[in-house]
Amino acid sequence: MTRDFDLLIIGAGPAGMAAALAAAPSGARIAIIDDNPAPGGQIWRDGVQAQLPAAAQRYRAALAAASNVQLFAATRVVAIAGPQQLLLEDDNSAWNVRYSTLILCTGARELLLPFPGWTLPGVTGAGGLQALVKGGVPLTGERLVIAGSGPLLLASAASARKAGAQIQRIAEQASLAALSAFTLQLARWPGKLLQATQLLDSHYRSDSFVVAALGSEKLEAVRLSQSGKIIEIPCERLACGFGLIANTQLGQALGCRVADQAIAVDDWQACSRTDHYAAGECTGFGGSELALVEGAIAGHAAVGEQHQARALWPQRARWQAFARQLNRRFALNPQLKQLAEADTLVCRCEDVPYSALAERSSWVDAKLHSRCGMGPCQGRICGAACEYLFDWQTPTPRVPLTPTRIDSLLQLAEAQVHG
Amino acid sequence: MNADVIVIGAGIVGSACAKTLAQRGMNVLVLDSQRGGATAAGMGHLVAMDDNPAELALSRYSIELWQQWAPQLAADCAYRNCGTLWLAANQEELQAAEHKGETLRAQGVTCQLLDAEGLRQTEPMLRRDLSGALKVNGDSIVYAPNAACWMLTQGGTRIRQRCEQVSAVEGNRVRLADGSWLQAKLVIMANGIHASELCPELPIRPKKGHILITDRYPGRIQHQLVELGYAASAHVTSGTTVAFNAQPRPTGQILLGSSRQFDSLSPEVEGAVLARMLQRALDYLPELGQLNAIRSWTGFRAATPDGLPLIGAHPQQPGLWLAVGHEGLGVTTAPGTAQLLAEQLLGEPSAIDPAPYRPERFLHTHELKEQHR
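Taken in order, these protein sequences are the chains called A and B.
If you count the first sequence from 1, you need to add 2 to reach the working numbering.
If you count the second sequence from 1, you need to add 6 to reach the working numbering.
Calculated directly from the structure, the hints in this document are not laboratory data.
Only a predicted model underlies this, so the values are computations on that prediction, with no experimental measurement involved.
Where is the CB? At the ideal position from N, CA and C, for every residue including glycine.
Some hints could be false.
Beyond 12 angstroms from chain A on every Cβ pair, some chain B residues (computed) [what the hints assert, rightly or not]:
hint	residue
1	Arg222
2	Ala281
3	Asn298
Here are some of the chain A residues that sit facing chain B, going by a computed Cβ distance under 10 angstroms [to be verified]:
hint	residue
4	Gly84
5	Gln86
6	Leu181
7	Pro378
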């Protein structure tokens, strides 16, 4: 089966929803697809314990009301099936979609860095912990340490506390000087200043990073370096947030240029490939406010409304400035590249330790000889870690872009060589 | 002199040559451009192929050598003696299987015929109406990239490796990308599909193949499963063909092939070819449809007009020796190739007749003289 749309949007997070709503009044036939069961992306992820902010509810309601926008939830892009055609898969079927214009709003994923003990049960990403909380996992009485960098640590702490966790420590790797500089700048974005004040926590420490997760069968304690001193804190959970990495794979596979680990876009949010746009975290980390305005610009530009798109440029500039502050002040300490020990697993799918990678010359070399990145996550986790640890470039992804039923791939029988 | 022998290419064939010569006391310098070739892309199926007597002689002999090496192979070479089942879809194919069995047994290859019921019991995931199969016990699988690395470690200090792209070959010397020259008593070209860049006179054409691997589903199949029509597909000389070929990986994953294409030089995975190949696989393993595929990739086989490799002295370039053109059998026949080459270099008697693989069958000595006049 093949469906046709004027505008196809990949990803229903803030950027994708804003893009669809900006483009909808044009009357274009619009499809928005997302691999989650409900729209909202990571930040507005729905779940039994999720309390969606007012903005999220407003966007969802508007999306549901737009009669020319069709949402396909729990649907994944698995292959490029032709010049402007993708193969999609959901839990029951696979189908082709043809488009005139595409907007990539594929978001970002957490950077998970290997350190001794990071694979112990009880250790998750900071965003992963938030997803667990929204999904209804109770944390009542559990002692929690949060470590990493950036405002996500505070946000994770706040939602974990609501779910009953006892926060033991929030370890921010950035220096006190960087944090002070960031805080001084915050007055330029009053909403963010307010948010920061609300999230302030007495367990917060700067110059602190995780050295090891301790425990035999599951997490029992965390070893931290705190202002140069090694301390140990007993806990049942550790959530690490070292930052986000843009999901560029689909953009890369479509031939869109990638620069600085993000999909490259111009002022119109247009990619290097004609009729392809990108917005939100997949174009570089910036937060939901930036994603919303970028999405709206892309949506207008995609349906030829240059005037409306241009009107949003100043708003975008304001949030880009905020993103620059974040990226600058929370830049990762190079010491974090040294956390893994010889036997620390880097690739969890295939059990590949750090020592098997350190001697390799490139990602392809490492993959071929150690099986790193050959498991079902297809290197999404260890590939990003290796990019950070060894400065390796990961190659353009191939079909299947995600684990895909063989039955679904049969639909490629009519596929044309992309080109 | 930079070494006794310079080997171009650290794939399975070049590595086997380096190992065999180093173990005879030669100092070997291995140059590889790290572009990747058939060794990195193939299935690593060690299979006795009997399309013609020379193919069978070389593959049978090589499998014996693999069996001798097996106890020493490093664990990451993932050598498993799983055997091959040649599947007969109907009575006609079952007769072909019987005939194949006679041919193999005549050369000392152990094999037995399974009837329909025997096949159902051996591999219950297969379509139930197959007529039977020929089981070849000595066939095995190996993870070729690591096997090549292992071979290079077997020469001790006699094998040195450098990451270099060779830009020209003249007899016993090679020019590197930076313009400098290296020299040895002899040069062995074992760079597969890239050989014709250096020697355009070699009759080698790239034959593209697709492969796909599933997630882990341990125990679904036990043997390398190949349709009997595979040999026919493998020897077509134009267009695109597919044949069912499935391998149980030690990880529990299922590796699926195969396709053969002469008309494509792009390394891109082609959806239409992949779909055809998978449809063929589903014809034999209907339950595959619900399993998850996690990766696919392509590679190029170095195909010669008669399907046999070029092993021996380059008739027009003294000092240059060839070990190229192994098509889809390079991993299987690497040990035999290295042995044949070493025997010829050292003037030793050969374990098998080297004549069918000699480059002279395509490259005539006198033609060179004509050209140079």
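Quick rundown of the hints versus the structure:
Its closest Cβ contact with chain A, about 8 angstroms, brings Arg222 of chain B to no more than 12 angstroms, contrary to its assignment away from the interface. Not every beta carbon of chain A lies more than 12 angstroms from that of Ala281 of chain B, the smallest distance being close to 4 angstroms; the non-interface claim is violated. Taking the minimum C-beta to C-beta distance to chain A, about 4 angstroms, the non-interface status of Asn298 of chain B is violated against the 12 angstroms cut. The beta carbon of Gly84 of chain A comes within 8 angstroms of a beta carbon in chain B, closer than 10 angstroms, and the hint placing it at the interface holds.
Given hint, Gln86 of chain A at the interface with chain B, is violated; its Cβ is 14 angstroms from that chain's nearest Cβ, farther than 10 angstroms. For Leu181 of chain A, the interface hint is violated, since its Cβ never comes within 10 angstroms of a Cβ in chain B; the closest pair sits about 42 angstroms apart. Interface hint at Pro378 of chain A: satisfied, since its Cβ lies 5 angstroms from the closest Cβ of chain B, which is below the 10 angstroms cut-off.
Comparing the model with each numbered hint stated earlier shows that hints 1, 2, 3, 5, 6 do not hold.
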